[in-house]
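Asks: Given chain V, put chain A in place with the hints provided.
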Amino acid sequence: MAIAFKQETFRDDFSYRNSPENIRRFPFPFDRDEYMYSVNMEPHVKGQKGTVFESLIDVDEHYIAEMHDRALVLRDDPLRYQALPHMMTAQWDTLELLMEEQAAGYPEHFTLIRNGDRWRWINRPLGIDDTFTFGDTATLPYEPLEYITRQAQGDFCIVDQRDGNLWMDAGMVTTQADWSLDFDIGMNFMEWHGPVPLAHQAGVFDRALKFLLNLQQGKPTRRFNWTMTINPRLDTSPENYPKWGADRATVTPENVGEKVHLRVELQSLWRLPRSNAILFVIRCYLMNMNELVTVPKWARRFPRVLRTLPPELIDYKGLTRYRQTTIDWLSKFDDGAPTSPGPFPD
Amino acid sequence: MLVEGIKSRPVYKGLSIQPRSRRHIFALEGEGAHALLERKAELDDAALSRSEILYVARGSQAKGYDEALRELGAQMFFAGPTIATLLFRLKGTLATAHMGTRLYIAGTEGFIGQAMMVALDHGMDHASIVTEHRGSLARRVQCVHCKGITEDVTHSPFPCSHCGLPLLVRDHYSRRLGAFQGVNIDAEEPGSAPDPEELFL
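Keeping their order, the protein sequence lines are chains V and A.
If you're matching positions, the first sequence starts at 1 in the working numbering and goes up one per residue.
If you're matching positions, the second sequence starts at 1 in the working numbering and goes up one per residue.
Hints in this document: simulated from the structure, not taken from any laboratory.
Fair warning: there could be bad hints in the mix.
Only part of the chain V face toward chain A is listed, based on derived beta-carbon distances under 8 angstroms [said to hold, decoys possible]: (1) F183; (2) P195; (3) R248.
For every residue, glycine included, the Cβ atom is placed at its ideal position computed from N, Cα and C.
If we strip away everything but chain V, and leave its shape as in the complex, we get (with noise of 0.2 angstroms):
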């Protein structure tokens, strides 16, 4: 069935909003009523049908109205996008793997033609019919990979492989959560992971790394990350932070339910063919409260959860100012009643 794309903005008159539809396939990320840090990886497999599980690049109603964004982001601040020299295979590995996956999940949306190494590639909602060749730089408006992330939600990391670590040389960065490509860029996974709080003492890097080091083409893996946002900002970057720092400080009683966003990170690491490398797919899904408590679940567990949160992770997280405002409000719609487990809705 094709998705009715919706027209609304994530700055200015933050007209974004989820439908009915796309709050049930919302992906909460808490299985229990209560904050644990984890590497919480697991295969990313197709999932049922109304989750965004259904096709492994999700595309959803706000596609259109995120490339806007995101075309808005790269005209201010064209370094969002960056790609160190010998990461060219890579990024043509990513052009593919996203057209792939598009293709297949959303053939009514968007087609790949191939003959031999001519390629046609049509994306109806953006009004892109181009055939160029595939390996040849020139036959494309940009590179590869700056090229393709114009036209898929989230945002995506090219890691290298080497010397036993991954190395974040390449990306599209323009929805994310306080952290900036154009500082981390050549770093290793230690390196770009610095700032986080508490995870590296736990040892879920050193985890993490071993488990990614081995990562096998073909058997891509997930996990999520999650914060808050108040106003439905994709861009809420560092470079930025002098613009969207001071709506932290005007959540109010009166308006949580409208300001305050539950930012779920879908993360999903690939294997790469050519270039052995890994992309990370950071997907972000925004959620306010109103549109939460309607889920009477996730009303009860979210409040359980925020107020279970480590205060290094309040702080990091950038919480502080509007947590327990959050946590009075949403504790009108829990009744008490225990949850069934999982995160999915009843």
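Replies: Below, chain A without anything else, positioned relative to chain V:
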């Protein structure tokens, strides 16, 4: 001592001389001269005949380190007036360098970072470069907002020398930029920046 535990900050292990190198290039700044002078015993005539020393005195002017370095008797010695001049000369040296060339860098962290960037641009692997921190703990900081670099930062927060925002110096270091990250400290409540503390002297 530099504070430890910053995952993205390089570890400066000290200027151990690699005897098998075909050529030794020493890029030294200020008190970094001592890092080499203290290892005089490890430098025999053979090593010196394959050595090039580049030095900028900066804050250590008038301490006579340049003379002491010159007297080591390396095959080439160059004393530059500024870091920029030294880096320009270093680029020239690396542009014609061969396999087996070893680069040693000693001085303040900002200097190490800048010389390291030149080396990375010439295809050297950062792990192969020998470094030692000497002198001030001042940091070189990139403002993540306007991208301007401020040198010799000793306080946090400090005003960005380009856009003026009060910046917190984060313990996050980019080798590619040779700089720490500066982030606006009062974005959530403009005007609420705490008084600067002298942290990196």
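Asks: Evaluate each hint against the coordinates.
Replies: Outcome of the hint check:
1. F183: holds, 5 angstroms
2. P195: holds, 5 angstroms
3. R248: holds, 5 angstroms
Hint violations for this structure: none, all hints satisfied.
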